[in-house]
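Line by line, the protein sequences give chains C and U.
Quick note: the first sequence uses full-length UniProt numbering, first residue 1, plus one each step.
Quick note: the second sequence uses full-length UniProt numbering, first residue 1, plus one each step.
None of these hints come from the bench; they were simulated from the model.
Careful, some of the hints might be misleading.
As the list claims (entries may be wrong) - Straight line, CA to CA, 25 Å or less: simulated DMTMM-like cross-link-like pairs of lysine to aspartate or glutamate:
#1 Lys23/C to Asp113/U
#2 Lys80/U to Glu37/C
#3 Lys62/U to Glu37/C
#4 Lys69/U to Glu111/C
#5 Lys119/C to Asp137/U
#6 Lys129/C to Glu37/C
#7 Lys129/C to Asp153/U
#8 Lys184/U to Glu164/U
#9 Lys170/C to Glu146/C
#10 Lys156/U to Glu49/C
#11 Lys25/U to Glu38/U
#12 Lys80/U to Asp102/U
#13 Lys69/U to Glu49/C
#14 Lys140/C to Asp83/C
#15 Lys119/C to Glu154/U
#16 Lys23/C to Glu40/U
#17 Lys97/C to Glu40/U
#18 Lys62/U to Glu75/U
#19 Lys119/C to Asp153/U
#20 Lys97/C to Glu175/U
#21 Lys118/U to Glu38/U
#22 Lys141/U to Asp31/C
#23 Lys97/C to Asp149/C
#24 Lys112/C to Glu154/U
#25 Lys69/U to Glu146/C
#26 Lys118/U to Asp31/C
#27 Lys62/U to Glu38/U
#28 Lys141/U to Glu111/C
#29 Lys97/C to Glu154/U
#30 Lys112/C to Asp92/C
All figures in this text were calculated on a predicted structure; none of them were measured in a lab.
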Amino acid sequence: MANRTVSTATAIHGTNPQFLIDKLYRQRIYDSLYWKEHCFGLTVTGVMEKAVDLNSIGGCYGATNRPSEFICLLLKLLQLQPDRQMLDALVDQEDFKYLRALALLYFRLTEKPAEIYSKLEPLYRDYRKLRQRQMSGKYKLICVDELVDELLRNSSICSVALPQMTSRRKLEDRGDLAPRLSPLDDDSDSD
Amino acid sequence: MNAYGGDKKNSNSRRTWDTAVYEQKAREREQQIKDEEEDEERRRKGLKPRARPGTTASAKTKGLLQARKQTVNLEGMVGKVQVVQASSAASGQPGFYCSVCDVTVKDSLTYLDHINGKNHQRMLNRGMKVASETVDDVLAKLESLREARRRRDEQKNAIYDFDEQVRRQEMLQAERRRRRKEAKKRQKSSKADTDGNYAKDGDGDGDNDNDDDDDGMIAMMGFGNFGSTKNA
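Based on the provided sequences and hints, a complete structural model is requested.
Right, dumping it as structure tokens:
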């Protein structure tokens, strides 16, 4: 089936990775025209090609709760399950901000809390603007660092429920994570 | 001998069937259904499907799932009538006709479901698995995307050079004129071969001699041609 997770995928948070997007939402994506027409048979590089052309992030919008292209591509990534190296390549690249936003959300959904903190926190320095499509269908400006902040603090984004995060302090106490170095400290030192 | 050329003793004129072949087919079909059921059962238990010598060979020849290169043109045939050479079931109704599978579906969403479906892909000899990629593919793709973006930006930011544009247009038009003359000449000469009225043209170069005026006018008006596809 075109909607099936790849056979080599491993369970994430104990389930099929596609189940990270809840059932009603997922079904709406499967039924959407963009999914059927543009997301069929995509590989990871195909998703990249589409993500580069995105012009907004967001979940469902409009009166009919239409799923955005961003969320369709996110589900496609969950279906394909790119490995960690590929994901790192997508997050680390600097040229395509929407591709990075997509990879960030995927990272937040699938990785472990300590990894998430260490990967996402450096991106507080990315101040590029993104357009976010709100549920009303209107756009709102948001910067990548705001997105990162929401990913680290909020329990949901783009109407996708994010897995529970362990608090940073707990991870530090346990020794899984080094204390955070704020880039602002560097600046004040150099002054 | 009877009237139908058959044996007199066995005097029915009905068609005969090769029962052995059909029996074999039925057995294979039954076996396949049984295998699929078993695989489904195993999958539900979290096991891999049982390896069978016959099926693995056919799975190997099956290609990988491919994404479509173009978008599906759903509105392209609006208002048109197309005569399809189809089986009676498929040709009887209006809708989206799939020439690969010889089926007609009622609406665009069903059509998309159909072309994304297993049966259609099977007709194209493709499985439902996509190619697996590595980090190298991803890096190469990133590089090519960067390159594409750089090229596009270059094009967008290129300084508009009027003289250069004029020169290019002139070259294009000269080329077009030359090709048209050649085509006309070829047409005329082939006509002359058939009915021998080549000498009717005054100067014998085989055209109407007002091409240049036309082109001059076209250039002055600032568009390519008058919209006719005749001589394009």
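Evaluated hints:
{"no.": "1", "hint": "Lys23/C to Asp113/U", "verdict": "holds (20 Å)"}
{"no.": "2", "hint": "Lys80/U to Glu37/C", "verdict": "holds (23 Å)"}
{"no.": "3", "hint": "Lys62/U to Glu37/C", "verdict": "holds (23 Å)"}
{"no.": "4", "hint": "Lys69/U to Glu111/C", "verdict": "violated (32 Å)"}
{"no.": "5", "hint": "Lys119/C to Asp137/U", "verdict": "holds (22 Å)"}
{"no.": "6", "hint": "Lys129/C to Glu37/C", "verdict": "violated (29 Å)"}
{"no.": "7", "hint": "Lys129/C to Asp153/U", "verdict": "holds (19 Å)"}
{"no.": "8", "hint": "Lys184/U to Glu164/U", "verdict": "violated (30 Å)"}
{"no.": "9", "hint": "Lys170/C to Glu146/C", "verdict": "holds (23 Å)"}
{"no.": "10", "hint": "Lys156/U to Glu49/C", "verdict": "holds (20 Å)"}
{"no.": "11", "hint": "Lys25/U to Glu38/U", "verdict": "holds (20 Å)"}
{"no.": "12", "hint": "Lys80/U to Asp102/U", "verdict": "holds (19 Å)"}
{"no.": "13", "hint": "Lys69/U to Glu49/C", "verdict": "holds (12 Å)"}
{"no.": "14", "hint": "Lys140/C to Asp83/C", "verdict": "violated (32 Å)"}
{"no.": "15", "hint": "Lys119/C to Glu154/U", "verdict": "violated (33 Å)"}
{"no.": "16", "hint": "Lys23/C to Glu40/U", "verdict": "holds (22 Å)"}
{"no.": "17", "hint": "Lys97/C to Glu40/U", "verdict": "violated (42 Å)"}
{"no.": "18", "hint": "Lys62/U to Glu75/U", "verdict": "violated (32 Å)"}
{"no.": "19", "hint": "Lys119/C to Asp153/U", "verdict": "violated (31 Å)"}
{"no.": "20", "hint": "Lys97/C to Glu175/U", "verdict": "violated (44 Å)"}
{"no.": "21", "hint": "Lys118/U to Glu38/U", "verdict": "holds (19 Å)"}
{"no.": "22", "hint": "Lys141/U to Asp31/C", "verdict": "violated (29 Å)"}
{"no.": "23", "hint": "Lys97/C to Asp149/C", "verdict": "holds (16 Å)"}
{"no.": "24", "hint": "Lys112/C to Glu154/U", "verdict": "violated (41 Å)"}
{"no.": "25", "hint": "Lys69/U to Glu146/C", "verdict": "violated (35 Å)"}
{"no.": "26", "hint": "Lys118/U to Asp31/C", "verdict": "holds (17 Å)"}
{"no.": "27", "hint": "Lys62/U to Glu38/U", "verdict": "holds (21 Å)"}
{"no.": "28", "hint": "Lys141/U to Glu111/C", "verdict": "holds (24 Å)"}
{"no.": "29", "hint": "Lys97/C to Glu154/U", "verdict": "holds (20 Å)"}
{"no.": "30", "hint": "Lys112/C to Asp92/C", "verdict": "holds (18 Å)"}
When held up to the earlier numbered hints, the structure conflicts with 4, 6, 8, 14, 15, 17, 18, 19, 20, 22, 24, 25 and fits the remainder.
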